Each structure stands twice: as C-alpha cells, then as structure tokens.
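> Based on these hints, arrange chain B on the given structure of chain A.
Read top to bottom, the protein sequences are chains A and B. Heads up: the first sequence at position 212 corresponds to 212 in the working numbering, and the numbers run straight through without jumps. Count along the second sequence from 1, then add 1000; that gives the number in the working numbering.
Please keep in mind that the hints were generated in silico from the structure rather than gathered at the bench. Where hints are given, some of them may not hold.
Residues from chain A shown here face chain B by an in silico Cβ test under 10 Å; the list is partial [what the hints assert, rightly or not]: (1) Gly86; (2) Pro107; (3) Gln119; (4) Phe123; (5) Glu137; (6) Met138; (7) Leu139; (8) Tyr162; (9) Arg182; (10) Ala183; (11) Ala185; (12) Trp304; (13) Pro305.
In this text, all values refer to a predicted model and were calculated from it rather than measured experimentally. Idealized CB from N, CA, C, for every residue including glycine.
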Amino acid sequence: MRTSASLSISRSSERAQGSTEKPRLHDPRQDTIAAEVKGLSKVYNAGSSRAYEALKNFHLSIHANEFFTLLGPSGCGKTTLLRILGGFETLSAGTCTIFGQDVSRLPPEARPVNTVFQQYALFPHMTVRRNIAFGLEMLGTSRVETERTVERMLELVHMTEYADRKPDTMSGGQRQRVALARALAPRPKLLLLDEPLSALDLKLRQKMRLELKALQRETGITFIFVTHDQEEALAMSDRIAVIDQGRLQQVGTPEEIYEHPKSRFVADFIGESNLLDARVSGLSGTEANLTIEGFADIRAPIEWPLEVGQAVSLSIRPERLIIREAGEETCSGMARVVARTYLGNAVEYHLVAGNQSLTARAPRGGLRGLLDFAPGDEVGVGFEPGAIKVLLS
Amino acid sequence: MSNTSSSTMRTVTATSRIGDIRAFAGFGSASVGCLIFLYAPIVFLAAYSFNDGRSVSRWSGFSLRWYATVFGNENIQTAALNSVIIAVIAATVATLLALGAATATVNRRATGGEAAYVVLTFPLMVPEIVTAVASLVFFVAIGISLGFVTILMAHIVFCIPFAYLPIKARLEGLDPSLPAAAADLYASPAQAFTRITLPLLVPGLLSGWLLAFIISLDDFIITALVAGPGATTLPLHIYGMLRLGMTPEVNAISTLMLGASTVLVLVSALIGRVGHKH
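Just chain B, with the same shape it has in the complex:
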C-alpha cells in the first residue's frame, strides 16, 4: 500500500498541482485509514454472515446456512414484504407530491417560492426523534390506531424532501425556453408539461424515487414509534432479533439489505450521469 501511495504522490508532485491536497505528506496513508474506518465494520459484518458457527466474532468455516435460515423464516419474509410495500408506496406518493412541489417552486421569484423551498427542506434538519414523537402524538391525538397505515403515512411525509431535492435540481437545470418553444408550437400548458418537461424530468424523478425508497426501507426510529403492536418492518424485526441474541442470521439479513441498497444507489447514480448529458 505504501509503495503505491508514494508513487502516486510523486506523479502528483511532478505535475505540480499547487494547493492540491494530494500533494501533502501522509495523504495516502490517511486515506487508507479513513477507508478502513468507514468500511471495516461492514466488511466484518458481511464476512461473518458466511460463518458456519453461531458466533459473530469467531470464524469456524464457510457456510450459507444463515442465508437459508433467513429465507426459511416466515416472520422475516413478512417483515421484508411489509418494508418493500411501504417503501414502494411511500416513494411513489412522495415522488408525485414532490414533483408538484418542485414544479410550483422552481421559479423562486414566484410568490413564496423561497419560503416554500425552506418549508419543504426543513424536515431534513429536524432531529428524527422529534419527527417520530410528533408523528406519534399526532396520530394518537386524531385517533388513528397505530399500524400499517400510520407507518405508511409517516413514511410518505418524511420521504417528500428526499424526493423533492433531485427533482428540483433537474427542473432547475432545464432550459426555460423549452416549455416556451412548446407553447410557441401550439402546445397547451398541459401538453407542454407532459410532452416536454416531464420526459426531461425522468432522470430526476427516478433518482428522487430511489432515494425516497431507500430512506423508507431502512427507517427505524419513526417506524418504531408509529408501528404499534401489530405491524412490523425489516429494520424493526432485525432489532427485535438482536434483543434475543446475536447470531449470523442478523448478519445475513443485513448483508442482503446492504446489497439491495448498493444496487439501488448505483442505479440512481448511473441514471443521474445519463441525465446530465442532456
């Protein structure tokens, strides 16, 4: 490792990029340290999901038995299905609402445009436990019994700002003369939106949806408070399993979730890159 990094540093110095942080001594080893700090726990978790024994810290041979356990566990399957259903509905509804919000606020000079932007993105900065408690108190106050429906409603709400940001970014990058050109060519405002604006927004809509989907899929705090006794999601179920004792089954289910999230993030990034070429 140190060999590679020092040769990189020489190349950087040779091209004399003044002020480039990569030219500082120790940059290479510091980067490696950071990467270990970030990813060691995850690598460790994934590795022990393949452990043959019941321990999550002592290696006793390779096996896929914990994955088999996961796929054979009906409770996990129910929780996972719940999570996916909630995430799909929440992401879809949040994306549609965010599309409306972004379309309405793209022109910040419009009346209240700036205020709308702040109101829409403020939930991102509110501590999640506050949102969770607020949601719980609200549901109890209006008398909705806690369960699947309250989880879904809470998820839709906290997904909106996550779906909103990529859509708004994409919308702001659109040339405003495109809808003008559509109107010039006899398209009604509705036709201009569906024929021109909407197709060009697709990359933003997809990244917004995927982001909302992932956020919904792995939410714990809010879900835990508004779930009530009956309904459960995958993160809640995993937490429950941990209280009964650590087994590599938890590692296996976590690794599966990690894999799914990674694929979605990569897809989202790829869509973003394709979208930027326009």
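Here chain A stands alone, though its shape is the one from the complex:
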C-alpha cells in the first residue's frame, strides 16, 4: 500500500467543490466536522406493540480525516447508525449532517458517502474492473478518467492481476479488497465500513487491519468503521465510540477508552477488567481515598465529582494487579489462588479475596515472571500506582 498515485485520485467534477477536497497526509483536521448526528433516535415498528428503540437521543461528531470506530455488542445500534449515515435507514428524530450538509432526508445515491458492506455486495455479473468503475459511471465521469481511476484503485488494493475476474471466483480477502476499491473509487467524503473483516479468518483479519489503517492514511478519507471486536477497534482507530443498548457510552482515543473507562460497561467490554465495589472515605485535593472491603485503603485521582460516603465501582486491568508472596508489606490485601491458567506469554491467576473475585495476569519472564503460584496458595495482592480507575456509574 505504498502507491503515491493514490494521493491524486481525482473526483468527478460534479463533486469537486469546496476547499476541503485536496487529500492530505496525516492531517486530522480536528476543526472540520466530517459527520455529525444530533438528537438522533431510531424507532422500529413505531406505534405498534413491537416498537423498539434502536438509537436513543444520540449525539456524535466525527472529525475529518479520522479513522472513527463504532464499537459495541451485537444489537447495540452501531449498524443502525451506520445505515442512517449511508441513507439506508430513515431516522425517527434528530438530524444527520455530512460536512455541514443536512442529509437527514436524502436517499443513498444523493449522499457523498460510500459503503463497504459486510458481505461486500459485489455485483456478481460484473468483473472486478466493472465493479470498481460502477460508482464513477453513475456519477457521469468521463471514460478516460474512469479508466485511469480504476487502474489506480486496482493498484492501491493490489488487485490489478484480478481485474477481469468475476467476484465469485475469488477468495474472501480478495473480494474485500475489491469492495474497498469500489467504495473508494468515487472518492467519497465518508467511507462507511460495516464489519468488513468479520467474514475473514484470523490471520487475514490481522493483515487487513494494517492495510485498512494505511489506506485511510493514504487516501485522507474519513473512515467510519463498525465492529464488535474491541481488539480491532483499539488497533485501528483514531477515536472510538462505545455504544450499548442504543446509547453512546464513551467517546475517546483507544488509550482513553482503555485506560480511563467511564462506566462499568466500557471497563468490562473493552479488554478485561476487575470490577471492585468501594466507598469514598475521603477527598484531598486531586485524590480520593477509597475503602475496599478486605483491603487497605487506596488513593486514586479524582476524574469526576465524588462525595465522601459515595459507593463507587473501581476498575483495574488484570495485567496491573500485582501478586506477591503472602506477607510482603507493600501488599494491600490477601487473596487465595483458585485457578491458574497458562497462556504462553503470561499466566493468569483467578483469585478470591473476601467476597470479591479477581483476575491477575503475570507476564512470563522478567522479575515478576519468576514467581509462580498454585491453586490453594495464599498470596498478597497489590495495585500498580495509577492503575485503579473510579467509574462514573
């Protein structure tokens, strides 16, 4: 994916308006809003007894040139949101704008948006070349221009040698590339990707992650990517929106989402988390004093308003839970090992401390890797400084 040719993909004259058109490298234009939804609601079977609210009062802004991911469990509404952006679903309330233009009532063909469908939806009666040319032909791009762009697209996704094949003679990964090329060829302002990697096997999926990310950088097009795979989301995204039950849970960079989850849902859904019940026992400046049953008090930075006496949930990642020989003074509490799971590069211990169950993951090798425990052992448990997060709900 190193073709510099891709940088000069030309648009049809019809769409080449405005100053934001020139593709640039590594330039997330934070100030330009690529897509925005305000107060968006989607109700299926409205008015009947089977009415179902897929999206509830949804607000979201996506920046230009961003690799943005909508992440959540199946049925959370992420695909509905994507289909509303693409024009395949109507919205029940609210507005949806793309680069400042209100598209709420526009059909898909009137939106400067292209989609990579989950099962690719390649036209089976057309060759790869004709598939890629389709959008340009519909826009009325000249034949010469169309041919040139198709060639560049084929190069961009390494499919030049398959140009005259039909889609049903190709593998999943190849079809995926063709679907990408077809959607990128008309140079959309937004590229929507509906779980495009879910039909691929693990190895190919990991390879395509890198390719997708590189493609987004090279083309400078805003990507909106839907997935239920948190690993995929963390690996590729500039920012992630975590969605659950039709509601936006948290928006942020992968680091923010992983390191600073706001809610139990986010902490639990993104990676693994130990969730502990605690009480705020004191506030001092920027830190809160927290009491956890069975452990010594700990301190954590205050990230949102807390009150003394308030019951809160804490989150700590398994790899940031420290276990030591019982009786070491730096430990905050004691726990018993219930199970030990060998993971190759790490060992996972399932622990019980009072009425809380915890998971700790110790890497193999290094100093901590020298220790090893067996089920039944009593161990000391400590928390890495800064590893404890106070959840908002």
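Same frame as chain A, now just chain B:
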C-alpha cells in the same frame, strides 16, 4: 434389469444410508414399473408416427410419410403458426406483467405483499374448465367477438402465474444489499434496477417465459371455449383431426410437439442451473 437393480441395492446397503428409500426391497422393480407407466404411451405414440400403414396399433414398416403429410398440410401449418404466435406474444406479455408483480411483491412485509402473492398464484389452483367458462362468459358479456384476440387475451391471463413463480423465486434469491450497493454508488432506483437487478434476473425471466410459452402452446380447454368459429390452434386442430379418425399423422404432429416441448424444458432447466451458480 433385475440384475442391475439388485447390485445397486447392495451398494446402497453397504454404505448403510439408514432411512434411504432405495434400501427397501423391490425399490428397483417398482421404479421400473413407474417409468413404464409414465412413458410407455408416449414411446408408443412416437413409434407409430413412423408406421408405414394407416393403423396406429399395427406395425407395417418404417416410413416418414406421415411427417411429409404433416408438413404438406396447410391447415396444420396455419394452426401451428397461430399457436406459436399466440404463445410468443402471451409468454412475452405475461413475463413483463409477472416481472412487475414479482418486483412489487418480493418484500412480503410490504403492505398487501402476502395477499398479492395469494391472488397471483390462486389461478393455478382453479380448475381450468372454470377459468375457461368464466373467460367465455366474460368475453360474451363485454361483447368482444370470439377469435384470435380472445384466445390471446385468455392466454396472457393464465400464463401470468406460471411466469411469476420462477421470476419471484429468482428475485427472492438475490442479495438485497446489491441494489443497496448500487444506490450507495450513486445509481438512481431506475439505474439500480436496469444495471443490477434486471441482469441478475435474466435466468428467472427466461425460465418464466419458457414455462409460459409451453403452457400456452399446449392449452386446449380454455382455447377451445374462447376460440370461436374462425381461429384455431394446433391442439384444437389435432382434436379436430381425431374426430375424423386416427391416423399416424396425429402421431407425427404430436411427436413434433413433444420434441419441441422437450427441447424447451431442457433449455429452461439448463438456464436455471447456470443461474443458480451466482
């Protein structure tokens, strides 16, 4: 025959396909019996079309003279031409109407989709004589004189459900994200239909057309009632010939029709198979 079938049975038992009807004793001979029952009359009919004599039951040597008679008979030619013209027009019009109906009813959740499906396919279950009488009474009531036009109209009507079913089946097998992808790539609904949906429907359209064509070609009851005195089709003409006495000429013309139908059915099946690969 019994040798072949018993060895087949042993193979089947050896692969132990439990519950396979082919494992039952006597399956082979029962199949042969059924095939004879189904095809003996047709084989018999075809064989005697090559009889040299005037009898349709006593063999007196091979000859193509009855085929020569058929091709020399102007009345038969007129009737055959009528039949083909009516079948081509009826199948074409019925296929176009069925295409519209199938496109409109493919989404059964759409308002009235289910009802439309029932209404469209119900004529398949109505006894043909009822349709025939109804058509006749209707034409008389609105004052159209019976003839070529009434035959054509009746044929178009009863061909619609036959053309509709294969088209609808094909349409339902289409991935709904294909027209969505076309719209996503800036195709208007009309462009999405002509560039994507229609080309992918071609196998369904062809099998629908061929089915309608064959049904129209060999219809007798409805045609007989709405034909009136002047117009005639091949089945009507053959029936008329029979009333004047059985000669191998009837066998020859029937064998020709059988041949034509077989070719069309085979073509239809082949198209269906190619279409399913998509």
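> Work down the list of hints and note, for each, if the structure agrees.
Now for the hints, and whether the structure bears them out:
1. Gly86: holds, 6 Å
2. Pro107: Holds. Min distance 7 Å.
3. Gln119: holds, 7 Å
4. Phe123: Where the cut-off is 10 Å and the nearest Cβ of chain B is about 6 Å from Phe123/A, the hint holds.
5. Glu137: holds, 9 Å
6. Met138: holds, 4 Å
7. Leu139: holds, 5 Å
8. Tyr162: Hint on Tyr162/A: violated, closest Cβ of chain B at ~18 Å, above 10 Å.
9. Arg182: holds, 7 Å
10. Ala183: holds, 8 Å
11. Ala185: Nearest chain B Cβ about 9 Å off; hint holds.
12. Trp304: violated, 41 Å
13. Pro305: At 45 Å from the nearest chain B Cβ, Pro305/A fails the 10 Å test, so the hint is violated.
Violated hints, in rising order: 8, 12, 13; the structure is consistent with all others.
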